[in-house]
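Q: Listed below are the residues making up each chain.
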Amino acid sequence: DTAVSQTPKYLVTQMGNDKSIKCEQNLGHDTMYWYKQDSKKFLKIMFSYNNKELIINETVPNRFSPKSPDKAHLNLHINSLELGDSAVYFCASSDLRGPYEQYFGPGTRLTVT
Amino acid sequence: AQTVTQSQPEMSVQEAETVTLSCTYDTSENNYYLFWYKQPPSRQMILVIRQEAYKQQNATENRFSVNFQKAAKSFSLKISDSQLGDTAMYFCAFMKPTRVGNQFYFGTGTSLTVIP
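As given, the protein sequences belong to chains Z and A, one line each in that order.
Each number in the working numbering corresponds to the 1-based position in the first sequence with 71 added.
Each number in the working numbering corresponds to the 1-based position in the second sequence with 291 added.
Next up, chain Z with everything else stripped away, as it sits in the complex (with noise of 0.2 Å):
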């Protein structure tokens, strides 16, 4: 069974455009998050969330925002996508109790034309 979902894999879309990619965990994890990996593969935070709080990197325009419908799922939806927003985007998920250790999705591969 995957641990941490995501969909799609890959999504090809034009300037301008809204999206959304989904996550789903079947960990029972209190805590989601969301990275966007760029070309030379640096990791940068954009969101956590725990079902209480959510977290943002002050750095992530607010064009993108995380929805959690549920404790097993964290959303995210860009708006008027920019060129730059190229990239991959993992959603990870936690336990606050621990073990602490982050489980990540296969990650989405984002590419705005």
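No wet-lab data here; the hints were simulated from the structure.
Keep in mind the model is a prediction, meaning the values are calculated, not measured.
Treat the hints loosely; a few may be bogus.
[As the list claims (entries may be wrong)] Derived lysine-lysine pairs resembling DSS-like cross-links, with alpha carbons at most 27 Å apart: (1) Lys123(Z) / Lys111(Z); (2) Lys107(Z) / Lys142(Z); (3) Lys364(A) / Lys90(Z); (4) Lys115(Z) / Lys142(Z); (5) Lys115(Z) / Lys369(A); (6) Lys93(Z) / Lys115(Z); (7) Lys369(A) / Lys80(Z); (8) Lys111(Z) / Lys364(A); (9) Lys346(A) / Lys111(Z); (10) Lys80(Z) / Lys115(Z); (11) Lys93(Z) / Lys112(Z); (12) Lys346(A) / Lys364(A); (13) Lys123(Z) / Lys93(Z); (14) Lys90(Z) / Lys369(A); (15) Lys361(A) / Lys123(Z); (16) Lys123(Z) / Lys142(Z); (17) Lys112(Z) / Lys90(Z); (18) Lys138(Z) / Lys80(Z); (19) Lys80(Z) / Lys361(A); (20) Lys387(A) / Lys369(A); (21) Lys112(Z) / Lys346(A); (22) Lys123(Z) / Lys90(Z); (23) Lys123(Z) / Lys138(Z); (24) Lys142(Z) / Lys364(A); (25) Lys346(A) / Lys361(A); (26) Lys111(Z) / Lys142(Z); (27) Lys138(Z) / Lys387(A); (28) Lys93(Z) / Lys80(Z); (29) Lys387(A) / Lys364(A); (30) Lys346(A) / Lys107(Z); (31) Lys107(Z) / Lys80(Z); (32) Lys115(Z) / Lys387(A); (33) Lys387(A) / Lys142(Z).
[What the hints assert, rightly or not] Quick list of the computed label-pair ranges, beta carbon to beta carbon: (34) Asp372(A) / Gly87(Z): 47 to 55 Å; (35) Leu98(Z) / Thr351(A): 20 to 28 Å; (36) Ile406(A) / Arg134(Z): 39 to 47 Å; (37) Pro407(A) / Val131(Z): 39 to 47 Å; (38) Lys364(A) / Lys115(Z): 40 to 48 Å; (39) Asn353(A) / Pro170(Z): 14 to 22 Å; (40) Thr184(Z) / Asn349(A): 42 to 50 Å.
C-beta atoms are modelled at their ideal positions from N, C-alpha and C, and glycine is treated no differently.
For chain Z, the structure is supplied; the task is to place chain A on it using the hints.
A: Using the frame of chain Z, we list chain A on its own:
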């Protein structure tokens, strides 16, 4: 904010040899956790090994072991008997548990190539 530094952007090792990847971090915290993650070309992030800061004993997982030097804030990864499947990007990560969520900080990664 915590910082994690991986000073070796790229490394290579002969198959069956041993290689050590370095990682240093900066923190004033006393309670924290350290991890090494592997990202092969498939791009899936895979946990390699974890270390609790309160444990003095270095963690080991089969061919993977760490040298954790708390005072020096150093957390290096040693891969023994390197295999072709070890070719990947390796990320060092620092985690600070908090009331509202675990805060993770990743290094910039080391690209390891195992040469046949």
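Q: Against each hint, give a clear statement of whether it holds in the structure.
A: Do the hints match the structure? See the list:
no.	hint	verdict
1	Lys123(Z) / Lys111(Z)	violated (33 Å)
2	Lys107(Z) / Lys142(Z)	holds (21 Å)
3	Lys364(A) / Lys90(Z)	violated (41 Å)
4	Lys115(Z) / Lys142(Z)	holds (23 Å)
5	Lys115(Z) / Lys369(A)	holds (25 Å)
6	Lys93(Z) / Lys115(Z)	holds (18 Å)
7	Lys369(A) / Lys80(Z)	violated (32 Å)
8	Lys111(Z) / Lys364(A)	holds (25 Å)
9	Lys346(A) / Lys111(Z)	violated (33 Å)
10	Lys80(Z) / Lys115(Z)	holds (19 Å)
11	Lys93(Z) / Lys112(Z)	holds (22 Å)
12	Lys346(A) / Lys364(A)	holds (14 Å)
13	Lys123(Z) / Lys93(Z)	holds (20 Å)
14	Lys90(Z) / Lys369(A)	violated (41 Å)
15	Lys361(A) / Lys123(Z)	violated (33 Å)
16	Lys123(Z) / Lys142(Z)	holds (10 Å)
17	Lys112(Z) / Lys90(Z)	holds (23 Å)
18	Lys138(Z) / Lys80(Z)	holds (19 Å)
19	Lys80(Z) / Lys361(A)	violated (39 Å)
20	Lys387(A) / Lys369(A)	holds (23 Å)
21	Lys112(Z) / Lys346(A)	violated (31 Å)
22	Lys123(Z) / Lys90(Z)	holds (25 Å)
23	Lys123(Z) / Lys138(Z)	holds (13 Å)
24	Lys142(Z) / Lys364(A)	violated (35 Å)
25	Lys346(A) / Lys361(A)	holds (10 Å)
26	Lys111(Z) / Lys142(Z)	violated (32 Å)
27	Lys138(Z) / Lys387(A)	holds (24 Å)
28	Lys93(Z) / Lys80(Z)	holds (10 Å)
29	Lys387(A) / Lys364(A)	holds (14 Å)
30	Lys346(A) / Lys107(Z)	violated (32 Å)
31	Lys107(Z) / Lys80(Z)	holds (14 Å)
32	Lys115(Z) / Lys387(A)	holds (16 Å)
33	Lys387(A) / Lys142(Z)	holds (22 Å)
34	Asp372(A) / Gly87(Z): 47 to 55 Å	holds (52 Å)
35	Leu98(Z) / Thr351(A): 20 to 28 Å	holds (25 Å)
36	Ile406(A) / Arg134(Z): 39 to 47 Å	holds (43 Å)
37	Pro407(A) / Val131(Z): 39 to 47 Å	holds (42 Å)
38	Lys364(A) / Lys115(Z): 40 to 48 Å	violated (22 Å)
39	Asn353(A) / Pro170(Z): 14 to 22 Å	holds (18 Å)
40	Thr184(Z) / Asn349(A): 42 to 50 Å	holds (48 Å)
In this structure, the hints that do not hold are numbers 1, 3, 7, 9, 14, 15, 19, 21, 24, 26, 30, 38, in rising order.
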